[in-house]
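Chemist: Model the placement of chain B on the given structure of chain A, informed by the hints.
Heads up: the sequence lines are chains A and B, in that order.
Going by this note's numbering, the residue at position 17 of the first sequence is 17; the numbering climbs one at a time, nothing skipped.
Going by this note's numbering, the residue at position 14 of the second sequence is 14; the numbering climbs one at a time, nothing skipped.
In case anyone wonders, no lab produced these hints; they're calculated from the structure.
Some clues are possibly wrong.
Any copy will do: because identical chains look the same in the list, a pair fits if it lies in one copy or spans two.
Said to hold, decoys possible - The list that follows gives simulated cross-link-like pairs (lysine-lysine, BS3-like), each with its CA atoms no further than 27 Å apart: (1) 212 - 177; (2) 146 - 88; (3) 285 - 230; (4) 146 - 253; (5) 144 - 176; (6) 177 - 285; (7) 289 - 342; (8) 212 - 158; (9) 176 - 212; (10) 285 - 158; (11) 285 - 176; (12) 230 - 177; (13) 289 - 212; (14) 285 - 119; (15) 342 - 253; (16) 88 - 158; (17) 123 - 158; (18) 289 - 158.
Protein chains: 2
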Amino acid sequence: MSLITRCKENPLIRPADILPSAEGYQVLGSFNPAATEFEGEIILLLRVAENCIREEGYVSVPYYHIDGPESHPAILRLRENDPEMELKDTRGVLYRGVDYLSTMSHLRLARSRDGIHFKVDDKPFIYPTRESEAFGVEDARITKIKDRYWINYTGVSKDGFCTMLAVTDDFVHVEKKGIIFPPMNKDVALFNEPCGGYYYCLHRPNNQGFGKSSIWIGRSPDLLYWGDHKCLLRPDDSVWEREKIGGGAPPYKTEEGWLTIYHSKGENQRYTLNTLLLDLEHPDKIIAKGSTPLLEPEEIYETDGFFGNVVFTNGMVVREEEGEQVAWIYYGASDDTACLFKANISDLIAHARG
Amino acid sequence: MSLITRCKENPLIRPADILPSAEGYQVLGSFNPAATEFEGEIILLLRVAENCIREEGYVSVPYYHIDGPESHPAILRLRENDPEMELKDTRGVLYRGVDYLSTMSHLRLARSRDGIHFKVDDKPFIYPTRESEAFGVEDARITKIKDRYWINYTGVSKDGFCTMLAVTDDFVHVEKKGIIFPPMNKDVALFNEPCGGYYYCLHRPNNQGFGKSSIWIGRSPDLLYWGDHKCLLRPDDSVWEREKIGGGAPPYKTEEGWLTIYHSKGENQRYTLNTLLLDLEHPDKIIAKGSTPLLEPEEIYETDGFFGNVVFTNGMVVREEEGEQVAWIYYGASDDTACLFKANISDLIAHARG
Numbered sequence: 001m002s003l004i005t006r007c008k009e010n011p012l013i014r015p016a017d018i019l020p021s022a023e024g025y026q027v028l029g030s031f032n033p034a035a036t037e038f039e040g041e042i043i044l045l046l047r048v049a050e051n052c053i054r055e056e057g058y059v060s061v062p063y064y065h066i067d068g069p070e071s072h073p074a075i076l077r078l079r080e081n082d083p084e085m086e087l088k089d090t091r092g093v094l095y096r097g098v099d100y101l102s103t104m105s106h107l108r109l110a111r112s113r114d115g116i117h118f119k120v121d122d123k124p125f126i127y128p129t130r131e132s133e134a135f136g137v138e139d140a141r142i143t144k145i146k147d148r149y150w151i152n153y154t155g156v157s158k159d160g161f162c163t164m165l166a167v168t169d170d171f172v173h174v175e176k177k178g179i180i181f182p183p184m185n186k187d188v189a190l191f192n193e194p195c196g197g198y199y200y201c202l203h204r205p206n207n208q209g210f211g212k213s214s215i216w217i218g219r220s221p222d223l224l225y226w227g228d229h230k231c232l233l234r235p236d237d238s239v240w241e242r243e244k245i246g247g248g249a250p251p252y253k254t255e256e257g258w259l260t261i262y263h264s265k266g267e268n269q270r271y272t273l274n275t276l277l278l279d280l281e282h283p284d285k286i287i288a289k290g291s292t293p294l295l296e297p298e299e300i301y302e303t304d305g306f307f308g309n310v311v312f313t314n315g316m317v318v319r320e321e322e323g324e325q326v327a328w329i330y331y332g333a334s335d336d337t338a339c340l341f342k343a344n345i346s347d348l349i350a351h352a353r354g
Numbered sequence: 001m002s003l004i005t006r007c008k009e010n011p012l013i014r015p016a017d018i019l020p021s022a023e024g025y026q027v028l029g030s031f032n033p034a035a036t037e038f039e040g041e042i043i044l045l046l047r048v049a050e051n052c053i054r055e056e057g058y059v060s061v062p063y064y065h066i067d068g069p070e071s072h073p074a075i076l077r078l079r080e081n082d083p084e085m086e087l088k089d090t091r092g093v094l095y096r097g098v099d100y101l102s103t104m105s106h107l108r109l110a111r112s113r114d115g116i117h118f119k120v121d122d123k124p125f126i127y128p129t130r131e132s133e134a135f136g137v138e139d140a141r142i143t144k145i146k147d148r149y150w151i152n153y154t155g156v157s158k159d160g161f162c163t164m165l166a167v168t169d170d171f172v173h174v175e176k177k178g179i180i181f182p183p184m185n186k187d188v189a190l191f192n193e194p195c196g197g198y199y200y201c202l203h204r205p206n207n208q209g210f211g212k213s214s215i216w217i218g219r220s221p222d223l224l225y226w227g228d229h230k231c232l233l234r235p236d237d238s239v240w241e242r243e244k245i246g247g248g249a250p251p252y253k254t255e256e257g258w259l260t261i262y263h264s265k266g267e268n269q270r271y272t273l274n275t276l277l278l279d280l281e282h283p284d285k286i287i288a289k290g291s292t293p294l295l296e297p298e299e300i301y302e303t304d305g306f307f308g309n310v311v312f313t314n315g316m317v318v319r320e321e322e323g324e325q326v327a328w329i330y331y332g333a334s335d336d337t338a339c340l341f342k343a344n345i346s347d348l349i350a351h352a353r354g
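The shape of chain A in the complex, shown without the other chains (with noise of 0.2 Å):
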């Protein structure tokens, strides 16, 4: 077996296989999915993206009308020559003093027993609900920490993009627990078994006009209140990361130490995807990271679609396969569906060290 080897049935999930949220909604993308077992299954909470079917002589966007538990989805629909109405480039109109997306997310579970095949619900399992999540909640994690689910996601609203926490046993309900990360930060990823006596995560913040967005490092009592920040790892030269990287699915214990596999921007806004490897004791000790990328845009379905050439994964699951530890990384290929590629935890750590 080479290094990763890619599910020959990729794409897994794709924008034709979802149910759009809302009448007059149409779906974009299924992709960057977070991924677990729950119960035998794989459990796979992709982030779908959403726009308004076009409609000659209209400018529909959808919006969400947030109001607790009673938000739901909406259309604002204008007309093209509406004077009151702004368009922004392609991303969206101002109305009446208010900004409206013309794409937005929400986070669907989807299910399977042989982690290839997916059914996928037919309605949002979390979706906008508050003022921070008014444009959308987008790219979750979940980490399993003592039979309990915690899914972290990206809160997107006019004040920016932040980190927000929910909590879930049974995957049918779910528990909002506010936001863990103001703005500007995403990409956040929770080791599963405290260190130390102090849960761990990295996040992204976003420094933008000082250095290139980096991997970051904080610690927790508690999961809810984060502190004792570090910059663990800013991209390097290459032509691989050298615009910026962030944090993948959550870490994975082993005994040579914590691995992930991250992502990274680089040139021609190319994304691809990497190996690092933290001290188990102190993981905001790096003890080494991948000289090339693990995976880079090859296949039509990464190189082209809604966004070509970007791979980012956020979920990972690792089963034993013939004696071995094998990852079954879950990816979202070109912003547009949800792939799969496999790789042995061994040669995963090898890969880091290089």
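Modeler: For chain B alone, kept in the frame of chain A given last:
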């Protein structure tokens, strides 16, 4: 007495009153003081900005050699025509792949019996000793909580600006506690006692590219780990605050609510100060805010200086005078000097309720 009374002795502290922190340095500004009372004195913790004395034919920039407790100020001195040097506008140089700023700040103590005539320490109290402080430490706040003096300040580095925490018991020794808010976040103001079992603070994330920088509120069980963040107050559309706003000194507990003075940046990069009153038990609820500024740059030391038309406060003490609670509001004028105005607490509350 009018609503506010500027101290006749303003500016109280000028750059010329400060000894440079290293040979070859010169002091450009002594401003934005934190303030508290300690052993019968008013203590200010000033931001002192320095650059290098100009020398014909050379470009010299200050920097800190960062090495924990052994950290010390140094000078990078280059011939003007050094081909390895790249001038980056007036703010710094790039040399051998490393950025240097032309100006650096540290924090310096000043002490006074009468709150007006200050003796400034000869040496810095808090200076860069960590990677996250390599471009300087700025704009402290001091909050007395249970007989300890908690100091938060901005650490500037190539990774952006973030909020550092430290603590002192005697204003001789100081213990750094690390980063409590990762980039880009500043203007943190701690509440001096818990509400409902949690400490609160105001903070100011930078949400560049989305909305305008606003005042947020977060809470903590222990001052070290922070969460449950909410956007508290966004800039209004007035000429005074349409650019951005940020918190000032630690909020002061009154019978009618937590009173704080915040700063606004409005038209023409002009800064003003305003009042804000928060609910006593639920400080994430606003009771009132002033409808017009409390203090505008009017005096010559406020309109002219290193950066004219800037007034900024991060230090306030409250003293009993003739049966009235009087706020002594220390402030930076024109990013240049430290000044003082006074106002009755009852008048400040009335201003907020406006």
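Chemist: All hints, please: hold or fail.
Modeler: For each hint, the structure was consulted:
| no. | hint | verdict |
| --- | --- | --- |
| 1 | 212 - 177 | between (30 Å within a copy, 25 Å between copies) |
| 2 | 146 - 88 | neither (46 Å within a copy, 52 Å between copies) |
| 3 | 285 - 230 | within (10 Å within a copy, 32 Å between copies) |
| 4 | 146 - 253 | within (15 Å within a copy, 41 Å between copies) |
| 5 | 144 - 176 | within (16 Å within a copy, 34 Å between copies) |
| 6 | 177 - 285 | between (29 Å within a copy, 19 Å between copies) |
| 7 | 289 - 342 | within (19 Å within a copy, 57 Å between copies) |
| 8 | 212 - 158 | both (23 Å within a copy, 9 Å between copies) |
| 9 | 176 - 212 | between (31 Å within a copy, 26 Å between copies) |
| 10 | 285 - 158 | between (35 Å within a copy, 20 Å between copies) |
| 11 | 285 - 176 | between (31 Å within a copy, 20 Å between copies) |
| 12 | 230 - 177 | both (24 Å within a copy, 12 Å between copies) |
| 13 | 289 - 212 | within (18 Å within a copy, 37 Å between copies) |
| 14 | 285 - 119 | neither (40 Å within a copy, 44 Å between copies) |
| 15 | 342 - 253 | within (17 Å within a copy, 58 Å between copies) |
| 16 | 88 - 158 | within (14 Å within a copy, 32 Å between copies) |
| 17 | 123 - 158 | within (25 Å within a copy, 44 Å between copies) |
| 18 | 289 - 158 | between (36 Å within a copy, 22 Å between copies) |
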